[in-house]
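S.K.: full-length UniProt numbering numbers the first residue of the sequence shown as 1 and each following residue consecutively.
Any given hint could be a false lead.
Result set (BS3-like, lysine-lysine): computed pairs, CA atoms no more than 30 Å apart in a straight line [what the hints assert, rightly or not]:
#1 Lys-299 to Lys-468
#2 Lys-561 to Lys-630
#3 Lys-561 to Lys-623
#4 Lys-518 to Lys-592
#5 Lys-20 to Lys-80
#6 Lys-634 to Lys-592
#7 Lys-623 to Lys-595
#8 Lys-225 to Lys-20
#9 Lys-357 to Lys-290
#10 Lys-651 to Lys-561
#11 Lys-518 to Lys-299
#12 Lys-623 to Lys-651
#13 Lys-357 to Lys-225
#14 Lys-595 to Lys-630
#15 Lys-592 to Lys-360
#16 Lys-592 to Lys-357
Bear in mind the hints are in silico, worked out from the structure with no lab data behind them.
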Amino acid sequence: MQYYAPSLTRYQRLPTREVKIGDLPLGNFHPIRIQTMTTTDTMDTEATVAQCIRCIEAGAELVRITAPSIREAENLLNIKKALRQRGYHTPLVADIHFTPNAAEVAARIVEKVRINPGNYVDKKKFQFKEYTDAEYQAEIERIRERFVPLIRICREYGTAMRIGTNHGSLSDRIMSRYGDTPMGMVESAMEFLRIARDENYHQIVLSMKASNPQVMVQAYRLLVKTMMEEFGECYPLHLGVTEAGDGEDGRIKSAMGIGTLLEDGIGDTIRVSLTEEPEYEIPVCRDLVKRYTGRENHKPIPPVEKLAYSPFQYQRRLTRPVGRIGGRQVPVVIADFSEEPLTREKLADIGYRYDPKSDKWHVSDTAPDFIYTSGRYVPFDLPGTLQVICDAQVYAHVPDRQRYFPLFTWTTWLQRLDDPSPYLNFIALDTLNTTDEEWEQLLQSLDDTTVLCIYTQNRHAMPAVRQKINDLMLRGIDIPVILCVESFHSSIDDQLIQFAIEAGALLLDGMGDGIWLKNHPDLVKNLRVSGRTYLEVHSHAQFLNNTAFSVLQASRTRISKTEYISCPSCGRTLFDLQETTARIRAATHHLKGVKIAVMGCIVNGPGEMADADFGYVGSGPGKITLYKGKEIVKRNVPAETAVDELIQLIKENGMWTDPPTVHTPVSSASS
Numbered sequence: 001m002q003y004y005a006p007s008l009t010r011y012q013r014l015p016t017r018e019v020k021i022g023d024l025p026l027g028n029f030h031p032i033r034i035q036t037m038t039t040t041d042t043m044d045t046e047a048t049v050a051q052c053i054r055c056i057e058a059g060a061e062l063v064r065i066t067a068p069s070i071r072e073a074e075n076l077l078n079i080k081k082a083l084r085q086r087g088y089h090t091p092l093v094a095d096i097h098f099t100p101n102a103a104e105v106a107a108r109i110v111e112k113v114r115i116n117p118g119n120y121v122d123k124k125k126f127q128f129k130e131y132t133d134a135e136y137q138a139e140i141e142r143i144r145e146r147f148v149p150l151i152r153i154c155r156e157y158g159t160a161m162r163i164g165t166n167h168g169s170l171s172d173r174i175m176s177r178y179g180d181t182p183m184g185m186v187e188s189a190m191e192f193l194r195i196a197r198d199e200n201y202h203q204i205v206l207s208m209k210a211s212n213p214q215v216m217v218q219a220y221r222l223l224v225k226t227m228m229e230e231f232g233e234c235y236p237l238h239l240g241v242t243e244a245g246d247g248e249d250g251r252i253k254s255a256m257g258i259g260t261l262l263e264d265g266i267g268d269t270i271r272v273s274l275t276e277e278p279e280y281e282i283p284v285c286r287d288l289v290k291r292y293t294g295r296e297n298h299k300p301i302p303p304v305e306k307l308a309y310s311p312f313q314y315q316r317r318l319t320r321p322v323g324r325i326g327g328r329q330v331p332v333v334i335a336d337f338s339e340e341p342l343t344r345e346k347l348a349d350i351g352y353r354y355d356p357k358s359d360k361w362h363v364s365d366t367a368p369d370f371i372y373t374s375g376r377y378v379p380f381d382l383p384g385t386l387q388v389i390c391d392a393q394v395y396a397h398v399p400d401r402q403r404y405f406p407l408f409t410w411t412t413w414l415q416r417l418d419d420p421s422p423y424l425n426f427i428a429l430d431t432l433n434t435t436d437e438e439w440e441q442l443l444q445s446l447d448d449t450t451v452l453c454i455y456t457q458n459r460h461a462m463p464a465v466r467q468k469i470n471d472l473m474l475r476g477i478d479i480p481v482i483l484c485v486e487s488f489h490s491s492i493d494d495q496l497i498q499f500a501i502e503a504g505a506l507l508l509d510g511m512g513d514g515i516w517l518k519n520h521p522d523l524v525k526n527l528r529v530s531g532r533t534y535l536e537v538h539s540h541a542q543f544l545n546n547t548a549f550s551v552l553q554a555s556r557t558r559i560s561k562t563e564y565i566s567c568p569s570c571g572r573t574l575f576d577l578q579e580t581t582a583r584i585r586a587a588t589h590h591l592k593g594v595k596i597a598v599m600g601c602i603v604n605g606p607g608e609m610a611d612a613d614f615g616y617v618g619s620g621p622g623k624i625t626l627y628k629g630k631e632i633v634k635r636n637v638p639a640e641t642a643v644d645e646l647i648q649l650i651k652e653n654g655m656w657t658d659p660p661t662v663h664t665p666v667s668s669a670s671s
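Kindly produce the complete structure, drawing on both the sequences and the hints.
M.R.: This is how it looks when you write it as structure tokens:
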């Protein structure tokens, strides 16, 4: 084991125990299984059966159904019988939160039960209490007394169990001792796992979910490390990012969290939690899993003997500032215009809109910092905030050496056949085609003007780039690094996943002072994610620019827009989650940096909102409770007026700005 994985440079699945879920084997190097969760009322047998069938036919290998009370748990039998009568034998999973009695009923019916250790025994009241060791142990014994009956039922009926920790629903007891941390998440699950092992019950899967991919990744890594140190073995892991939202943002956030772990061989089953119909989650899962088919055959990567950073807590890599790149500045975005026309109209696609009447540029919050033009010059005056990267061989003839900067390959940089900039020089490096000796030569040639643009043609891309950045850190070389990812996929779905993982995984570990994404317009056949209409792509430059900012947003390294923490809905949801999320997004999407949680019920309420600024939570049929942070502000607001009440709450807390009718001009064309 290397910290938390079999290898940090060679793709290899993490060895885990085998668990049988009905007839479906999980873990122990079996294929990564795909699952989803129904959104229907569990008491509506026909609707739930119909939705299960749609999910199964889309490719789900497990289907989870909520059982908030004994009544719903008992109806799982009718759902299971109806599915079996129609020829569907996919294992079913009961989702349990506050009701141990319902879990005990469901465990006699379905193939797997999921419990949340944060609320299975404890009732969350957001109270802090200092526990002595004796008092804490007494609490563990209380858990044991309530949990052991379920374990024994599962063992008798051959039922598997997922111990599913959620970042936002840690018990008050865990919060009091460990805080709102990955360690708290891990210990929450380990308490239950130790009891199960004492009972010689091992048909267990674990999960460490959070709406923040950074927290989620750290928690899973820490769980693997803890299990190996304590037991000498790992149980299968179910991966997922909670409340990821919808559209491309939901896909990017999910792919970033799940994919970061899959890259290191961690994960035995996955679920992508989107605020959409559950069958739409399945294609995203399939696209994620297929990335790792045959991955073992990748080109060798130099081994990582030591990490220069902690994989269990975030700290941004310290770099020197070079112009507007590096240091404490937010990561920059480079828009690739090597295959796009250089016109003012095309710049409007990436957030720079020119108004000829006023001779002013209007700049959006998601306008890139640089554009790459390859061997061309921009044939018009640029806005003052935009800088240009061009190829080194044409740099000698650029119209403005304080606005244009050269891009070298590592070989042309060493040769210096072209004059470098006295201010800022970009050096492109392919990890696959650079020997150790050449890497040493390059490192010795770097100076205060250089920025490395690291990419790779290695199929195992993220670990290849990570190895180089880790080496820089071990050597104390503080040159800024731009993360460059080039996609040759023909679908936007695959491109979103690749960009989210290969750039996002490094950002989650504090690496990267900028992001540069590239695709090939002639290869792209599908301009909409999964054929749905929410992603309108007017140009490839716009798609790449929007994706770059979304990756930075999901990694919490550069906030440029509103963030929505939206649960995927289930049978507990008390209003139309998709429609409501769309209404809230339409009214608030202009609020840069504000985090809004939209939760279908109290289970995914104040705890699951984690670090949201405001919360909109279903509290009863047609009733909404509004939160500021984790504090209730208004109860039982009628759903018809709740969105307006939410806007008023944001205004009262000084975080509202009116949506602009036009962008504010920031510079003249001649600036």
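S.K.: It remains to establish, for every hint, whether it holds in the given structure.
M.R.: Hint check results:
{"no.": "1", "hint": "Lys-299 to Lys-468", "in the structure": "holds (15 Å)"}
{"no.": "2", "hint": "Lys-561 to Lys-630", "in the structure": "holds (22 Å)"}
{"no.": "3", "hint": "Lys-561 to Lys-623", "in the structure": "holds (28 Å)"}
{"no.": "4", "hint": "Lys-518 to Lys-592", "in the structure": "holds (26 Å)"}
{"no.": "5", "hint": "Lys-20 to Lys-80", "in the structure": "holds (18 Å)"}
{"no.": "6", "hint": "Lys-634 to Lys-592", "in the structure": "holds (24 Å)"}
{"no.": "7", "hint": "Lys-623 to Lys-595", "in the structure": "holds (22 Å)"}
{"no.": "8", "hint": "Lys-225 to Lys-20", "in the structure": "holds (24 Å)"}
{"no.": "9", "hint": "Lys-357 to Lys-290", "in the structure": "violated (51 Å)"}
{"no.": "10", "hint": "Lys-651 to Lys-561", "in the structure": "holds (17 Å)"}
{"no.": "11", "hint": "Lys-518 to Lys-299", "in the structure": "holds (22 Å)"}
{"no.": "12", "hint": "Lys-623 to Lys-651", "in the structure": "holds (21 Å)"}
{"no.": "13", "hint": "Lys-357 to Lys-225", "in the structure": "violated (62 Å)"}
{"no.": "14", "hint": "Lys-595 to Lys-630", "in the structure": "holds (13 Å)"}
{"no.": "15", "hint": "Lys-592 to Lys-360", "in the structure": "holds (23 Å)"}
{"no.": "16", "hint": "Lys-592 to Lys-357", "in the structure": "holds (28 Å)"}
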